[in-house]
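Let chain X serve as the given structure and place chain L on it in line with the hints.
Number of protein chains: 2
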Amino acid sequence: MSKNKKLRIIPLGGLGEVGKNMTVYEYGKDILIVDTGIMFPENDMLGIDYIIPDFNYLLDKADRVVGIVITHGHEDHIGAIRHVLDQIPAPVYATPLTRGLIEAKLARNNALGKVSLNTVEAGQSIQLGAFQVELFHVCHSIPDAVGLGITTPAGLLVHMSDFKFDHTPVDGWPTDYAKLAELSNRGVDLLLSDSTNSERPGWTPSEMVIGPALDNVFAAAPGRIIVASFASLISRMQQVADATVRHKRKLAFAGISMVDNAKIARKLGYLEIPEETLVPLEQALNMDSKQVVLMCTGSQGEPSSIIGRLSAGTNRQFDLKEGDTVVLSSHPIPGNEENVSRAINRMLRRGADVIYDALAPIHVSGHASQEEQKLLLNMVKPKNFIPIHGELRMLKRHAFLAEQVGVPAENILVVENGEVVELADGKLSKGERIPGGYVFVDGQSIGDIDHGVMREREKLARSGIFLIDLNVDKYSGRLLDEPEILTRGFLSPDDAEKLLPEVRHRIMDIVNGGGLNAEKDIASAVKSFLYNETKRRPMVFVTLSKA
Amino acid sequence: MSKNKKLRIIPLGGLGEVGKNMTVYEYGKDILIVDTGIMFPENDMLGIDYIIPDFNYLLDKADRVVGIVITHGHEDHIGAIRHVLDQIPAPVYATPLTRGLIEAKLARNNALGKVSLNTVEAGQSIQLGAFQVELFHVCHSIPDAVGLGITTPAGLLVHMSDFKFDHTPVDGWPTDYAKLAELSNRGVDLLLSDSTNSERPGWTPSEMVIGPALDNVFAAAPGRIIVASFASLISRMQQVADATVRHKRKLAFAGISMVDNAKIARKLGYLEIPEETLVPLEQALNMDSKQVVLMCTGSQGEPSSIIGRLSAGTNRQFDLKEGDTVVLSSHPIPGNEENVSRAINRMLRRGADVIYDALAPIHVSGHASQEEQKLLLNMVKPKNFIPIHGELRMLKRHAFLAEQVGVPAENILVVENGEVVELADGKLSKGERIPGGYVFVDGQSIGDIDHGVMREREKLARSGIFLIDLNVDKYSGRLLDEPEILTRGFLSPDDAEKLLPEVRHRIMDIVNGGGLNAEKDIASAVKSFLYNETKRRPMVFVTLSKA
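Those protein sequences? They're chains X and L, same order as listed.
Going by our numbering, the first sequence opens with residue 1, and the numbers climb by one from there.
Going by our numbering, the second sequence opens with residue 1, and the numbers climb by one from there.
In isolation and in its complexed conformation, chain X is listed as follows:
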């Protein structure tokens, strides 16, 4: 580590979750990007499809980006790759499975053309400009995830993206502790690490606990078994496939992304399912119920997912039936609790048995809990520490844990997205603040939807709209015909029948009385009338034509 060399670290995107979807490292003129993910909108972000990090800061520096390294294949780490590559055509580096998932994603969007995708195995090292990047294996709920050792002239850092210390992972490939020890021996100047579970005491259970739990469910199921999870939870697919083999059933995947991902993972050797176990969905639907396992998406109860549609009775290919056992193999993401609960209740109502995480250990977290976070800190013995991947509350907690294991408080920095951190002479300091927010994606155009538009949507949704169309004689100022009124989201048909004639009379009185003739004045008179009658405030619009 030489003097006067400065590394800049910039966490980006991800709602409140710091550096979750994208982290930028800048040394001299070289820029390294780690991960390019998306987030899903919160409940009050009405009509938004998904959210990507605001990377405007990089746009005029695109030619300085020496590479994009992706740590694993989950949506919150690869989902925005297309949007980033559109603007920053830098080479992408990832392990085989991650690269396969990225490739499929780009292909689905016809965006594979000019992209440079490069495979790097865990354990390998690549030099990208000023950055020497060593990829090492870590356990997570998807195979082939990596942590990064990054050597720069300003020092050595360890970037721990999503991880857990699972000693009995599904693929039998534990975290590369030896590499962590080696990095530690070289002297780590800065550790950045996953804070997702920093409020959770103890140790996250191994993925292994799911096998026996699935066995219990499979043994008791009187008919079809339908397991719902995320399409990118490849490890869970393996566990369900293994249980299917043990219980002598056949397995079919439902849903494009699930089928796609299973195909890629099998092709690359990350998912092992005997040929005779796997059957197409069509075939499974015609088999004896007791022989069938279906695996699909929708474990978050999203209304448009297969589970959402099954629970509502609107799925096209097949329906839920009495005797089905549905396994929701995931935990509700905060904000989805109501959707999940609704889906569970509806499926129970349809006569299915539903197994969810409150009833059996059919899901475990993919993230390290407090004891694992402390173990990592003690193994790496970093001089400095920045908690990443979490909301402020989790980062603060992770910082507290780091202090507990002996990292000096002054060597820990809690920052938020867009807050630049500088590492120089082995010391951390805060730099300037750049825009570090997020960008809404709704439909085809990105970022069209700003916070002003969101506030308008909220207002529309709160009490609906009330439109009044008036034709006025340009000489007398009197109405040429009855006001036309159109309302949405404000009144039930019954109430409209009662209220609207009265409103029409009011408007006629007002306009013909000559008191008010501007659209604005009429609107505000109608607003107060409606408020008095209903104690609600719809958005009122008046269009007035003079003829």
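I should point out that these hints are in silico values taken from the structure, not numbers from a laboratory.
Misleading hints may appear alongside valid ones.
Unchecked claim - Pairs of lysine to any residue residues, derived as SDA-like cross-links and limited to a Cα-Cα distance of at most 20 Å, are as follows:
1. X:K546 to L:S476
2. X:K535 to L:N110
3. L:K474 to X:R537
4. X:K474 to L:D481
5. L:K546 to X:D473
6. X:K546 to L:K546
7. X:K535 to L:A111
8. L:K459 to X:L486
9. X:K474 to L:L479
10. L:K430 to X:G351
11. X:K459 to L:P41
12. L:K520 to X:K459
13. X:K459 to L:E42
14. X:K459 to L:K459
15. X:K459 to L:I48
16. L:K520 to X:L486
17. L:K459 to X:R462
18. L:K535 to X:K374
19. L:K459 to X:R488
20. X:K535 to L:D86
21. X:K546 to L:L479
22. X:K374 to L:L359
23. L:K459 to X:D49
24. X:K535 to L:H83
25. X:K459 to L:D49
26. X:K546 to L:R478
27. L:K535 to X:L480
28. L:K546 to X:R478
29. L:K459 to X:E458
30. X:K267 to X:N118
31. L:K527 to X:L486
32. L:K535 to X:N109
These figures come from a predicted structure and were not determined experimentally.
Coordinates of chain L only, in the frame set by chain X:
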């Protein structure tokens, strides 16, 4: 128990939660109502203030209602009393604190006039028509809660509303086990019991654990302490007051409902705070920070609550400051997780320390967990069982627990709101189904908002609105001036600048070209143009005037 006597049991209201807010018992012509509560809307019920049970079934039977018995003073059990009494002017029976809270609620709404409120102490018995109702004390997170023993000619039933078996409750008054044993000895034909925590293994911790947790927080706090909870959590008020005394601070309540409820509870002897400990808020705000404890509402992070406003920096009377310690003494209600998390992050950002239930046991549930539910079942030894107070998933779980302790499966009925259950000859059976839904309250009028209106609000919120006002020459069919366009919740100002001129041209081409002249046709042409350009579908409205 005589033959051929039939009791009808009808759980009502409460979103998916069965019988949570209201249960109706009907014997012969006599009707008994237990509880009249409200529910808070789910995230996708846009603009709704609160929800009350649909009790239309009772409207033409109002004169047959012999009484309304309220089990305790929480909003989900008393909140709809005004709406019910409006239509059903029956006498109300409650224990002193519950009655006091109801009285204050009615007084705030000027609805106290013709109401018959009657105080019944726990341990007393009242005869209401065919129903002999024995009230007995149960522990919950508010003092003076009761369970009911109801003797009818069709048999003896036990109605366990919200309860827990707390052996060291804040008020030193444990559940009346002797009464439960006595009822059991008499032979209980039917038990109805709280299922809220039926997915939670073990035993709910005693309220006692909160004292030491508060002591830790109080001892470490360098400045003001702000404790947030529900206004009706009287027991929590007592605990905060006790900690205040122990740590030689002064306590002030903030927020009308909190101040009101504290006053009533103190007057009735359910809340003991030394005179010299309690100070008005004004005074507390001018005292040395280290002497002050404030208690307020907003523990669910609701944007309009004191905590919501403090976190956003928009509270009127006081601001959060560096060195404040905020204690959120509650658990997020499903659906509120995002609000709570946002409030925590914002308060941390303002330099306050925030203690919430993931960090310290500063909240415990007021509801029985599985072992307590099983203990109740074993104590009461009911012939029949109906799980109430919970969504279908919890009811099913509670039914499973009842089977485990030996209630025969055929004697357990899981029903939903509006499903009538009949008890005759000691046997349960399902009767007819009546409307058992819920009614939206938005503004002043109740039930004006139906599901159609809600769907419209959802549509408005998803992509906004696009209004087009056209003036057309009635002879030539050509536009007299440029189309006027108004849009909300659809485009950012930047995009509007780009897109709107183009839309205007399109419309002029269409109309002047003579191809389309009906509002509907123009709207649908504009819709597809907008979708092509943005992949979004705002609601499009066209008003067309001919002159």
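Going through the hints against the structure:
Among the hinted pairs, K546 of chain X with S476 of chain L is consistent with the structure: their alpha-carbon atoms are about 18 Å apart, no more than 20 Å. A threshold of 20 Å between alpha carbons decides the hint, and for K535 of chain X with N110 of chain L the separation of about 18 Å falls inside it, so the pair holds. Annotation: proposed proximity of K474 of chain L to R537 of chain X is violated, straight-line Cα distance about 36 Å (limit 20 Å). A hinted pair counts as satisfied when its Cα atoms are at most 20 Å apart, and K474 of chain X with D481 of chain L qualifies at roughly 15 Å.
In summary, the hint linking K546 of chain L to D473 of chain X is supported, as the alpha carbons are separated by about 12 Å, within the 20 Å threshold. Proposed proximity of K546 of chain X and K546 of chain L is supported: the alpha carbons are some 10 Å apart, at most 20 Å. Using a Cα cut-off of 20 Å, the hinted pair K535 of chain X and A111 of chain L holds, with the two alpha carbons roughly 19 Å apart. Distance hint between K459 of chain L and L486 of chain X is fulfilled; the C-alpha atoms sit about 15 Å from each other, no more than 20 Å.
For the proposed pair K474 of chain X and L479 of chain L, the alpha carbon gap of about 17 Å is at most 20 Å, so the pair holds. With a C-alpha separation of about 17 Å, the suggested pair K430 of chain L and G351 of chain X falls inside the 20 Å cut-off, and the hint holds. For the hint pairing K459 of chain X with P41 of chain L, the CA-to-CA distance comes to about 17 Å; that is within 20 Å, so the pair holds. Proposed proximity of K520 of chain L and K459 of chain X is contradicted: the alpha carbons are some 26 Å apart, above 20 Å.
For the hint linking K459 of chain X to E42 of chain L, the alpha-carbon distance of about 17 Å falls within 20 Å, and the restraint holds. As the CA atoms of K459 of chain X and K459 of chain L are separated by approximately 13 Å, the hinted pair is consistent with the 20 Å bound. With a C-alpha separation of about 13 Å, the suggested pairing of K459 of chain X with I48 of chain L holds against the 20 Å cut-off. A C-alpha spacing of about 14 Å is found between K520 of chain L and L486 of chain X, which places the hinted pair at or below 20 Å, so the restraint holds.
Between K459 of chain L and R462 of chain X the CA atoms are separated by roughly 12 Å; this keeps the pair inside 20 Å, and the hint holds. Between K535 of chain L and K374 of chain X, the direct Cα distance comes to roughly 47 Å. Violation of the 20 Å bound is thereby established for this hinted pair. For the suggested pair K459 of chain L and R488 of chain X, the alpha carbons sit about 9 Å apart, so the restraint of at most 20 Å is met. The straight-line distance between the Cα atoms of K535 of chain X and D86 of chain L is roughly 19 Å, inside the 20 Å bound, and the hint therefore holds.
Distance check on the hinted pair: K546 of chain X and L479 of chain L sit about 14 Å apart at the alpha-carbon level, within 20 Å; holds. For the proposed pair K374 of chain X and L359 of chain L, the alpha carbon gap of about 17 Å is at most 20 Å, so the pair holds. Of the pairs offered as hints, the one joining K459 of chain L and D49 of chain X holds, with about 15 Å between alpha carbons and a cut-off of 20 Å not exceeded. Restraint check for K535 of chain X and H83 of chain L: the C-alpha separation of about 17 Å stays at or below 20 Å, so the hint holds.
As the CA atoms of K459 of chain X and D49 of chain L are separated by approximately 15 Å, the hinted pair is consistent with the 20 Å bound. A distance of roughly 16 Å separates the Cα atoms of K546 of chain X and R478 of chain L; the hinted pair therefore holds under the 20 Å criterion. A hinted pair counts as satisfied when its Cα atoms are at most 20 Å apart, and K535 of chain L with L480 of chain X does not qualify at roughly 39 Å. Between the alpha carbons of K546 of chain L and R478 of chain X the distance comes to roughly 16 Å, so the proposed pair stays at or under 20 Å and holds.
Restraint check for K459 of chain L and E458 of chain X: satisfied, since their Cα atoms lie roughly 11 Å apart, inside the 20 Å limit. A threshold of 20 Å between alpha carbons decides the hint, and for K267 of chain X with N118 of chain X the separation of about 18 Å falls inside it, so the pair holds. The hinted pair formed by K527 of chain L and L486 of chain X meets the criterion: a straight-line CA distance of about 18 Å does not exceed 20 Å. A threshold of 20 Å between alpha carbons decides the hint, and for K535 of chain L with N109 of chain X the separation of about 15 Å falls inside it, so the pair holds.
Hint compliance for this structure: hints 3, 12, 18 and 27 are broken, all remaining hints hold.
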